[in-house]
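Peer 1: Residue numbers (this note's numbering), protein chains in the order written: chain Z, 1 to 474; chain X, 1 to 450.
None of these hints come from the bench; they were simulated from the model. Note that the structure is predicted; figures quoted are calculated from it, not measured. Please note that a few of the clues may not be correct.
Said to hold, decoys possible - Reference excerpt, derived from the structure (chain X facing chain Z, CB under 10 Å, subset only):
1) Gln333
2) Val371
3) Phe419
Every residue, glycine too, gets a C-beta built ideally from N, C-alpha and C.
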Amino acid sequence: MLPALLRKEFMEHVLSMRFVVASLLSVVLVLVSLIVLKGDYTQKKEAYDLNRGAYRQQAERHDDYSDLELEGIRVERPPQKLQVSYYGLEKLEDKTARIMAYLAPTLFGELYKSPVSALFPTPDMLYVVAVVLSLMAFVFSYDAISGEREAETLKLALSYSVPRDRFILAKWLGGYLSLMTPFAIALVAAAVIIGLSENLGFTVSQWFAYTIAAAASFVFIAVMFSLGLFVSCRCARSATAIMVLLFIWVGMVLMVPNVSPYISSQITPVTAYGVVENKIRQRVNDEVRAFFSRMEEERRRYGGRLRQGGQVGEQARKELGERIDKMWNELQNRTNSIAEEEWTAHERELARQIGVAKMISRISPVSSFVYIATDLAGTGVRKQLHFMRALREYQKLFRQYLREKTKSSLGGRGYFFGGDEPEYDISDMPVFSYEGEPVSARLAGSLLDFGMLGVEAVVLFMAAFLSFLRVDIM
Amino acid sequence: MFAVLVKKEILNNILSFRFAVTFLLFFLLISGSMVMMAANHSKQMHDYYNLTAAYRQRVEQMRDFQEFEIFGMTSRRRPNPLSAVAMGLEPDMSRSVTNSLWQDIEIGGSPYANPLFALFSTPDVTYVISIIVSLLAILFVFDAVCGEKEEETLKLMLSNSVPRDTVLMGKCVGALACLYASLFISLGSGLVAARVISSLAFSGTEWLRMGGLFLVVLLYISVFVMLGLFISTSTQRSGTSLMISLLVWVVLVLGVPNLVPVVARQIVPLPSMARLAGEERAIHEEEWGNIRQRLREARTQEERRELITEARQAIERRLGMLRDNYENRYIQQATLAKMISRVSPSACFTYASTALALTGIDTYTDFVRYVYLDFRSRFERGIAELRRDRRSRESEVGAIDFERLPKFEPENDTIQLSFKHALTDIGLLCAYNMLFFLTAFVKFLRYDVK
Numbered sequence: 001m002l003p004a005l006l007r008k009e010f011m012e013h014v015l016s017m018r019f020v021v022a023s024l025l026s027v028v029l030v031l032v033s034l035i036v037l038k039g040d041y042t043q044k045k046e047a048y049d050l051n052r053g054a055y056r057q058q059a060e061r062h063d064d065y066s067d068l069e070l071e072g073i074r075v076e077r078p079p080q081k082l083q084v085s086y087y088g089l090e091k092l093e094d095k096t097a098r099i100m101a102y103l104a105p106t107l108f109g110e111l112y113k114s115p116v117s118a119l120f121p122t123p124d125m126l127y128v129v130a131v132v133l134s135l136m137a138f139v140f141s142y143d144a145i146s147g148e149r150e151a152e153t154l155k156l157a158l159s160y161s162v163p164r165d166r167f168i169l170a171k172w173l174g175g176y177l178s179l180m181t182p183f184a185i186a187l188v189a190a191a192v193i194i195g196l197s198e199n200l201g202f203t204v205s206q207w208f209a210y211t212i213a214a215a216a217s218f219v220f221i222a223v224m225f226s227l228g229l230f231v232s233c234r235c236a237r238s239a240t241a242i243m244v245l246l247f248i249w250v251g252m253v254l255m256v257p258n259v260s261p262y263i264s265s266q267i268t269p270v271t272a273y274g275v276v277e278n279k280i281r282q283r284v285n286d287e288v289r290a291f292f293s294r295m296e297e298e299r300r301r302y303g304g305r306l307r308q309g310g311q312v313g314e315q316a317r318k319e320l321g322e323r324i325d326k327m328w329n330e331l332q333n334r335t336n337s338i339a340e341e342e343w344t345a346h347e348r349e350l351a352r353q354i355g356v357a358k359m360i361s362r363i364s365p366v367s368s369f370v371y372i373a374t375d376l377a378g379t380g381v382r383k384q385l386h387f388m389r390a391l392r393e394y395q396k397l398f399r400q401y402l403r404e405k406t407k408s409s410l411g412g413r414g415y416f417f418g419g420d421e422p423e424y425d426i427s428d429m430p431v432f433s434y435e436g437e438p439v440s441a442r443l444a445g446s447l448l449d450f451g452m453l454g455v456e457a458v459v460l461f462m463a464a465f466l467s468f469l470r471v472d473i474m
Numbered sequence: 001m002f003a004v005l006v007k008k009e010i011l012n013n014i015l016s017f018r019f020a021v022t023f024l025l026f027f028l029l030i031s032g033s034m035v036m037m038a039a040n041h042s043k044q045m046h047d048y049y050n051l052t053a054a055y056r057q058r059v060e061q062m063r064d065f066q067e068f069e070i071f072g073m074t075s076r077r078r079p080n081p082l083s084a085v086a087m088g089l090e091p092d093m094s095r096s097v098t099n100s101l102w103q104d105i106e107i108g109g110s111p112y113a114n115p116l117f118a119l120f121s122t123p124d125v126t127y128v129i130s131i132i133v134s135l136l137a138i139l140f141v142f143d144a145v146c147g148e149k150e151e152e153t154l155k156l157m158l159s160n161s162v163p164r165d166t167v168l169m170g171k172c173v174g175a176l177a178c179l180y181a182s183l184f185i186s187l188g189s190g191l192v193a194a195r196v197i198s199s200l201a202f203s204g205t206e207w208l209r210m211g212g213l214f215l216v217v218l219l220y221i222s223v224f225v226m227l228g229l230f231i232s233t234s235t236q237r238s239g240t241s242l243m244i245s246l247l248v249w250v251v252l253v254l255g256v257p258n259l260v261p262v263v264a265r266q267i268v269p270l271p272s273m274a275r276l277a278g279e280e281r282a283i284h285e286e287e288w289g290n291i292r293q294r295l296r297e298a299r300t301q302e303e304r305r306e307l308i309t310e311a312r313q314a315i316e317r318r319l320g321m322l323r324d325n326y327e328n329r330y331i332q333q334a335t336l337a338k339m340i341s342r343v344s345p346s347a348c349f350t351y352a353s354t355a356l357a358l359t360g361i362d363t364y365t366d367f368v369r370y371v372y373l374d375f376r377s378r379f380e381r382g383i384a385e386l387r388r389d390r391r392s393r394e395s396e397v398g399a400i401d402f403e404r405l406p407k408f409e410p411e412n413d414t415i416q417l418s419f420k421h422a423l424t425d426i427g428l429l430c431a432y433n434m435l436f437f438l439t440a441f442v443k444f445l446r447y448d449v450k
């Protein structure tokens, strides 16, 4: 009985106009967006490789390690390969940071970018699934029950010994399979294109992330389809069902995820980035002023011995140099802790705001799906925070490197105190290479959203199921 | 006859469930969006004042001028109140800009530290109208003709001496009247609520811009009503009409405007900022290298100052040319993207509304030019002047007069210029209206009502 009903439902959908529209949209949008974003990734990768070389050359052009210490080095986050399907936060241009010895790293932005891209969302697979396919899910399901009731075929079908549970299950499976078949074909085609692409070779973990994100798409559409079926069971007329579903779709897909950051910014405001920067600079300025005052005092203290010259003068110069070098290292430690302290406090506030926004937005299954897909692809919120942590770790290595290089020359200030000026050579300087979080960590972070989607799919299907068991077929 | 038909259509619409849903959505979304974005604008203004005051305090506490020169001057553009209606490129124009004689211009991080702001589109009024209201408009009329045919009331009506053109005009005006009334009520209440809840206030010119925006919104909604009517007169069944309407809407609103900018980036790629910075550095090195020997041979301070000024002017000139070339390429890319995407009325609406709200591409391009060229030169000249003044007082130590620092005030387009920028898109929206209406008209004249 079930196979027959399933075949009937599946064929009915496949032979309808809506299947043509859904197939066209799924296949064309997914493949076109993949091809276009692949080209975009290639450009970004080329720019990244060029930038890395340019930043290295800039660092090599300094005269000595003091200059390197003062000006720092620029580093950049590489483009993520999975952005070809799940663009997420790759649209943010804040991917370059300056690493300095005495301040925590800060990201800076860019104004020379395509302004037209900033005005419109990127049409990646995430967008196709979250916006287009979710709408199609409602279009496929809105008249599943209400339409049959209007056409009076429902009472005909149920006048035979067709169990209602089989009937509704067949409706769900038939409709869902007909909707997802073209999308599955598009996914496989996209995977083939990615596999055949020379510069986009995915690693095993990236293929794993791609597959899990695709699985999340299927679960998400199951949620939307179940919701559509539920509303169809509850509404007597299809016109009413489609209007109710459109109302829900607009709210869930286009509004709830988008308003949640604004609501959370009112509930849990965060100190403005510029205020934190200002505070850090203010405190660092105070420390630097105090350092220079102490340095003057030390020079005055050693002044007499320095003026004596000869061996006494040399000894005094050496001692002064060591003293100032120690004070300079202490200054660096203090300025770094100031920056660390302020940015950590800011990040805590920000994490709280993000948590509230995510909690509000999870009313909509779209948000859960977006978080899963972008986090797995390494283009989500987790990546941003992980990148900042990676920058801070690299900054510690950079500081350590400079200290090692300059310890024989009193922090690179040897020429002031008669010490040796080390030869400037940064060929052995640690290179910043951002790998991203391991996929297991990203998957673990997505479990909550996966769980929510799963529960929603089951609950909504059960709601549709129970509604249908009681529906008046007359 | 026409008035009777319009009244019939309006009553039919108002008494339908569809209108209730549409009105509710209009009201909740448009008013809600206005209130939320107004509150967001108040927060941005609050942050702007705090940042300006904090920066002023820091500058005035600086020990000496050299400290200021090392750390540079950080400036910000005042938040635009019209961004509460059309956010456009406002977040990028709100970034801090730090100028220092010792470093390249640094653009600060986004004023929206929460990355979720970038993950989802800004739900401002233009987003609601561009995406949601256009969908509602097309769903309002998708079965205006084919639905009546299915109910067999169309042939009844036309069996009387009712001209077909009058019937179609009646449907058109009836649908527009209902949608416009909902829009007017929602926008009005949104503006009132926004004024009560936040400090959002518009000047006279800004109200004129809002007026222009409102007209663009009316044009945009009518495009989709005409499109819906055209689809309805092209099909026999409302189910088919619904599918085609959704397909067309997805392509025109969600597909074309979003795909085109990425395609344009492939066709006209921009050179990377690092390459640009490298070329700028090469110019600095070359010019300073050219005068190094002459500086060593210079006998007087005056001579040295002249040489330095000469080098600075040469650098400014060459950097200006470099930036101009880069900017031309960047404008080329933006122009190509705009040109192709104007196939979609949604893109035209976005360009027109952001142009009027001063958050569009032209304002952004002017802002970037101001940051890298105009203000940079003013900053360098201003700092040189301040340094000369301090030297003449034979003292470089002491508080810096914040009022004497160059002011970061990018000029906004006049309202006439904004309308000029929006003219092409407004013209296209009018053209789409006429095109869809005429095709619907021609189709309906031949429509088989049996």
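Peer 1: Next step is simple, just say for each hint if it's right about the structure.
Peer 2: Going through the hints against the structure:
1. Gln333: holds (6 Å)
2. Val371: holds (6 Å)
3. Phe419: With a minimum Cβ separation of about 19 Å from chain Z (threshold 10 Å), the hint on Phe419(X) is violated.
Comparing the model with each earlier hint shows a violation of hint 3 alone; every other hint is respected.
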